[in-house]
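Peer 1: Dock chain B against the given chain A, drawing on the hints supplied.
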Amino acid sequence: MNLNLDLFLKHRVVNWHEHVWFDESGKMNRAGLDKKMEASSLIGIDMTVLSLPYFNYCTPEEMEAANNCVNDAVALYPDQLRGLAYVDPILGRYAVSEIDRCVQNFGFIGVKLYTQFYLDDPAQYPIVEKCIDLDIPILMHAGKSSDTYPSHVHLSNSVHFYNLAKRYPEAKLIMAHIGGGGDWNWQLKRMKECPSVFIDVSGSVFDSPMLEETADVFGAERMLFGTDGSYSSSVGKILSANLTIDEKRTILDNPHFSRYVR
Amino acid sequence: MIIDVNTYIGHYPFRRLVNNTAEGLISVMDASGIDKACVCNISGVYYRDVMTGNYELLEQIHGYEDRLLPFCIWNPDYNGAEQDLLECIRLGFKGVRLFPKQHKYKLDNPLLSLCAEHRLPVQLTVFLEDLRQRHPMDITEPVSPQEVKEAVLSHPDVNFILSNGHHQQYASVLKGCSNVYYDLGRVENLGQFSFQSFYKNTDAEHILFGTGAPMQYTAPNLLKLHTLPMTEHLSDEEIECISHRNIERLLSL
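Chains as they are written, first to last, in our numbering: chain A, 1 to 262; chain B, 1001 to 1253.
FYI, nobody ran anything at the bench for these hints, they're computed from the structure.
For each residue, glycine too, the CB sits at the ideal point set by N, CA and C.
A couple of the hints might just be wrong.
To be verified - Selected chain B positions facing chain A (Cβ under 7 Å, derived; list incomplete):
id, residue
1, Val1018
2, Arg1132
3, Arg1134
4, Met1137
5, Gly1191
6, Ala1219
7, Lys1224
8, His1226
9, Pro1229
Just chain A, same shape as in the assembly:
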């Protein structure tokens, strides 16, 4: 077997896309979190950025509970975890104030958005403006699925990223999981025109030559490493991809984002 993990074990690796979840009792799924940290230790992932999104609309209390849970997880592994504030745009000013709460009180380093609204929906504007003010990135769940799933009616694809990036070129937008399932060819279209949009490589799909084609459009300097629960796929695709060592190291510890995860 030719499998050289030195790229991960001997260099700094930052995982920009992972989650902690609630268990059936509504408490932190500690076993799930520990399993992810075990994988991170085995593979050589030094820092992981966590969030806990809801798949449907939530109440202010639920939104706060999710971010409190992420903060509790970060407290368990303070040298290896950082948090993103999940906010639901339907909550309007509560969502914006929640970003302040998480950044000021918890030290969270960005915002996580999910499928409640398309990224370019006006409901997102106050959140995007707050993130620009705070100079923090937005990680948006993204994909172009060939079929519509009830939980993903407003799944944002590159069209929505293009529109928002043109309206808010100062916003630092991360398109989640090029390997998250869905037409990844679609996701690459027109993204050369949007230098403020970045992409993470996470997801269970490890098609070849996905990363090479992504690098052709985004360049390694606009790519981030992530796993989103799919560690072997996400790590393996980096190892296999026909990219230079420098390109891979840039993806694994993107210099544009280093200041957030020191």
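Peer 2: Using the frame of chain A, we list chain B on its own:
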């Protein structure tokens, strides 16, 4: 030694591939440390007469027979299916790959008994690609676990191989079926408990190594092979079974 049970050459109609020739596949195998591979011609899946794709495969792997083990694509519903299968056996194909959704036939076909008679394993690729990215002309769903179970129970002397799927779903339905084998596919052992769920319903003697190359990168499944001893405490013997002994036994190598 590592034997990859799930590889391809040829053109895939829905996106660009690289290294999809015999030479390209060998180069991927060399870079990955994979010794031999079971290979079929993905172009042939989309031919009306899949047998012409099988002849193409033999032409293209000529000279690489020590490393590339040909699997034929077979449509048991097509004219001359029985004669085509016998011809494939005569030509030295090691196994059969079925694509019942693409070719629109029921998996539980009486002609599968020919595979038992000639000791040919029958392989089903659960996903060629994740169906969330499917082309409008592509299939809409994989073969269901229940449909696989019907075929497996109807043909207890046929060895079935499931490739590239989320096999924990299939294994829970097919538990106890000793003639079913799974490659590592999309079962995850790192950061998740899905391999543990899968392993409750099968064992190391029924797991194979497969990558989906060159449609998919090889390192994800190599990484699983490398880390299973650490995460699931599989023994060296069990890893040897997965990496080559089980498929050698199935193919009488």
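Peer 1: Now tell me if each hint is right for this structure.
Peer 2: Going through the hints against the structure:
no. : hint    : verdict
1   : Val1018 : 5 Å, holds
2   : Arg1132 : 4 Å, holds
3   : Arg1134 : 5 Å, holds
4   : Met1137 : 11 Å, violated
5   : Gly1191 : 4 Å, holds
6   : Ala1219 : 4 Å, holds
7   : Lys1224 : 5 Å, holds
8   : His1226 : 5 Å, holds
9   : Pro1229 : 11 Å, violated
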